[in-house]
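Top line first, the protein sequences correspond to chains F and R.
The numbering used here numbers the first residue of the first sequence as 1375 and each following residue consecutively.
The numbering used here numbers the first residue of the second sequence as 1375 and each following residue consecutively.
Treat the hints loosely; a few may be bogus.
Copies of the same chain look alike in the list, so a pair counts if it fits in one copy or across any two.
[As the list claims (entries may be wrong)] The calculated EDC-like cross-link candidates involving lysine to aspartate or glutamate, where the alpha carbons are at most 20 Å apart (straight line), are:
| hint | residue 1 | residue 2 |
| --- | --- | --- |
| 1 | K1737 | D1803 |
| 2 | K1783 | D1400 |
| 3 | K1504 | E1489 |
| 4 | K1504 | E1480 |
| 5 | K1777 | D1400 |
| 6 | K1482 | E1870 |
| 7 | K1946 | D1934 |
| 8 | K1746 | E1620 |
| 9 | K1947 | D1937 |
| 10 | K1525 | D1514 |
| 11 | K1628 | D1484 |
| 12 | K1654 | D1869 |
| 13 | K1632 | D1514 |
| 14 | K1935 | E1590 |
| 15 | K1935 | D1802 |
| 16 | K1629 | E1521 |
| 17 | K1448 | E1799 |
| 18 | K1800 | D1591 |
| 19 | K1928 | D1881 |
| 20 | K1936 | E1590 |
| 21 | K1739 | E1749 |
| 22 | K1435 | E1480 |
| 23 | K1649 | D1751 |
| 24 | K1431 | D1854 |
Calculated from the structure, these hints are not laboratory results.
This structure is a prediction, so every number in the text was calculated from the model and none was measured.
There are 2 protein chains.
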Amino acid sequence: MLRSHTCGELSLSNVNQEVTLCGWVDSIRNLGSLVFVDLRDKYGITQLNISPKLFDKYVIKNEYCISVTGIVNKRSNPNKNIRTGLIEINVKKIQVFSQSELPPFEIKDDVNASEDLRLEYRYLDLRRPKMIKYLQIRNDINKYTREFLYKNGFEEIDTPTLIKSTPEGARDYLVPSRIYPGSFYALPQSPQIYKQILMISSWDRYFQIAHCYRDEDQRADRQPEFLQIDCEMSFCNRDDVLEIIEGLLKYLFKKIKKVNLSDFTRISYEEAITKYGSDKPDLRYELFLHDVTSILDNCGFNAFKGKKVNALVIPQVGETLSRKEMDEDNTLAKKYGVYGVSHLKYQNKEFTGSIVKNINPEKLKELAKKLKVKENDVVIICADNKNEKSCIGLGALRCYYGKKLNLIKKNDYKPLFVLNFPLFEKTDDGKYVSLSNPFTRMLDEDIKYLDTTPEKCHSYSYDTVLNGVELSSGALRIYDSEVQKKVFKLLGLSDEDINTRFGFFVDALKYGVPPEGGFGIGVERLAMELSDTDNIRDVIAFPKNLKAFEPMSKCPSPVDKKDIDILGLEIKKQDDK
Amino acid sequence: MLRSHTCGELSLSNVNQEVTLCGWVDSIRNLGSLVFVDLRDKYGITQLNISPKLFDKYVIKNEYCISVTGIVNKRSNPNKNIRTGLIEINVKKIQVFSQSELPPFEIKDDVNASEDLRLEYRYLDLRRPKMIKYLQIRNDINKYTREFLYKNGFEEIDTPTLIKSTPEGARDYLVPSRIYPGSFYALPQSPQIYKQILMISSWDRYFQIAHCYRDEDQRADRQPEFLQIDCEMSFCNRDDVLEIIEGLLKYLFKKIKKVNLSDFTRISYEEAITKYGSDKPDLRYELFLHDVTSILDNCGFNAFKGKKVNALVIPQVGETLSRKEMDEDNTLAKKYGVYGVSHLKYQNKEFTGSIVKNINPEKLKELAKKLKVKENDVVIICADNKNEKSCIGLGALRCYYGKKLNLIKKNDYKPLFVLNFPLFEKTDDGKYVSLSNPFTRMLDEDIKYLDTTPEKCHSYSYDTVLNGVELSSGALRIYDSEVQKKVFKLLGLSDEDINTRFGFFVDALKYGVPPEGGFGIGVERLAMELSDTDNIRDVIAFPKNLKAFEPMSKCPSPVDKKDIDILGLEIKKQDDK
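Take these sequences, add in the hints, and give me the full structure.
The structure is reproduced here in structure tokens:
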């Protein structure tokens, strides 16, 4: 190696040693009688002490890549903020490997540059210690995930990324075939079908950290390509899969963040909705929804009549909550499809608020008792024909007040599994649609509903939620071909539909399907949690921007006409404006 | 779990235990008074002993997926060929998970089915123990590669797979952009540019097991998508990189094949060509080429006059080598661009052969002495204007005779590095073309030739060869921008050419490039070596066939017109025939 040490490892124990370091010039302080240079590499920064005589022999500027040889000295003015802050190098020899133009922004954590500029010069942006840390966490997730899954008997299989396009799900990225002009491969949205085929192949315990692709309009937390920890196992119960998920996430948080996650709470989808108003509830604060239908559906107020009515108590805000804030609450709740919410302040042992006059006073007393309201509490009420809608409207306010009232402790982690999602929904015209995918297995005790009231069927499905964020989802799959046929029939799928939509996979189901289940964890989402960043582009080395464009390489880009010709394609003329 | 054990783990120590196994019915032998069923999963086969009374309660056929519970018994007639052959299960309870249609071929290692049929029913093909083994070796390569590289301070970064199309190299697979109609992403042929950018980003030690893509006409050993172990490190000498490659390959062969590879021989490209007639020489047999130009270029035979003449001695075939075989040798050599080869048999202390009469007898004696020929040896002579061509023609025959004469010992491994490839070739019109890529660093001692005789420049490049197969290639990269500019100029590249061909990468070179080098290892090629198969499709779970088609999912395939429309493309009408 051209160096004896990295810029992050020298300490007092190295004093008087001759060392050679390589790296980039982070900063230069020329004091006239002495020149201090901070030399940076991936591992840290080391201070160089260079005589003006030696320094002036070279042209050295920020971001030049150089090598220095010298003696490790104890610093007279130690810098306790960095690992190598107790020493410096008395430089005897310098080699300049390469020069640098003036960077378009400073290489430091609190950089003052637009994100597109940072992405355009990503090779400079990635020199910032914060970015190195983010990518190391991404590396660590993949490293420790493999470590954990290998230990648990899983073997990694990479499934193809040039696959058949199917009309299911989001939009595929297509790859034109040159050998079959007019035909296309698709880039996979997930390895779902292949992993189930691997179980039919007897692979038993599969995983893959898979490249997945979705051609969607970009949102802040989406990217055209992303990684998924994808897992599937045979001959298992639901709890066997949950044990793997829980074990894996505990392992990752321990290894990467030194956090011991508590045992994962398990709640049903129904409880998540009715108690927290969300299928990914944040358990870090104790605000709960209460079903007050029996009190209010017949309280004299027409707006509640015959509705499902839920209430959320916001403690100790009665005096401060303004009309404007109440309007904002209403606006937020409406985004979730409800008609609105009503506020009741509890002051001087009485409710006040615009709807109070409409409600039977006895009912108000009953309400206060049931909700155990205290002086100065505010009760937010939401009513809707559907209980789920009413709950979700309040759930949004629950999250909002959790943050607004600072109910969230720092470094608090509350992991849970949400179980037993409903499988089918009955539409207004009496048809059934799948709320999952049609291969998801229903609870054994719910099979009895399949012929009569399918909307009562719940599935062996499970989401993993941490602090209000969905980290993984998964399910057991149907292995009984009779049940599978019934589900297809219930959904009104003809043989032709089935063939078009699921094609060869349905053929594979004819040759001995094992009981199986699995899950997928989005690597970017997890990396963001472990990195404490809310920007997905921070945890990807070379991300696309919000317009699916990469500012560094400037792609996508036009290509030669002959390269399009050979694919049997042509670019359509733009319509006249 | 639905099982207590796998089908591969029970032994005499489990006798009298009650166990539950899950798996697929491998075979049924119904003896009337007893029924023997072999139950198979990924881990092995266990014999079930079922009473006819119990067996007849169910319909059970081959490849049905079932579970059985019973007692482990010592077998009266042990099967020593399988791990579980000393025991069987006396079955008390059976559960049929799922049925199977009659498979289109038998699930056994010596399967009697066309490869396309096996690929169409890949989920059945992958149940064969041999295929499981192949994929496990692929898994193990990736697993142990990561283990080794992590230990050596490398961190894995996944680089984008939707990148900019560049006109370099083989043909890109293109991905049309929906947001920018008429623009395209390309799938990467390798992460080459991104890994060099990561070094400029100060990442220091990068690796990735990367998905790579090439839209080439398929050959037996090619696939549209493949994996590459891709590595790059900064502040290193060539030997630092070679140490990593050698360490990694030794680790993999030890872990996966229990083979201790010897230390890697190092030879120059020139020695490889002149001694073995190949840039990937097979060192398992001691047939060497000899430069006999000084003896034969002026021996009286016009065909050799002024030529570079090389000789290969094939021992002890003089009596048996037929005219027809000599013609075949000639045909083979011609494929490598030489005019032909001549054979001289050494019998009764004299050379015989069609060209003997043309050669001065003294020169023949000199030749015999130099080559130390023995009675019954055959000398094959090849002459060409270019020494390299003459050598490569003979090199092909060297390989051919190595196999034909059974000179290759089984389980013999002879790894080597081929070093110092030439960098530039002078074309007939006096121009220079790059034999590598224009970023490859030249030997320090050859920089002096750059201005005067660039064809003498050799590079810090290195191929790893094992038994005649190229396993990896790599190089150090130029970090000095002055040298880089000279190389671009030598190759006649204008600023515009440079920008078109290398684009944003050349911008990155302006900001402090470290001395760096790396390598790539093709996972499939390595998996084939470690699996002892010469079929690349054996080491990929779901490969494409030779026509880049996947018979199971039947892709590529047509897609809806609207999905093409939205990309701003249309399918060209086929020309009339």
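Which of the listed hints are broken here? Numbers 1, 2, 5, 6, 8, 11, 12, 15, 17 and 18, in rising order.
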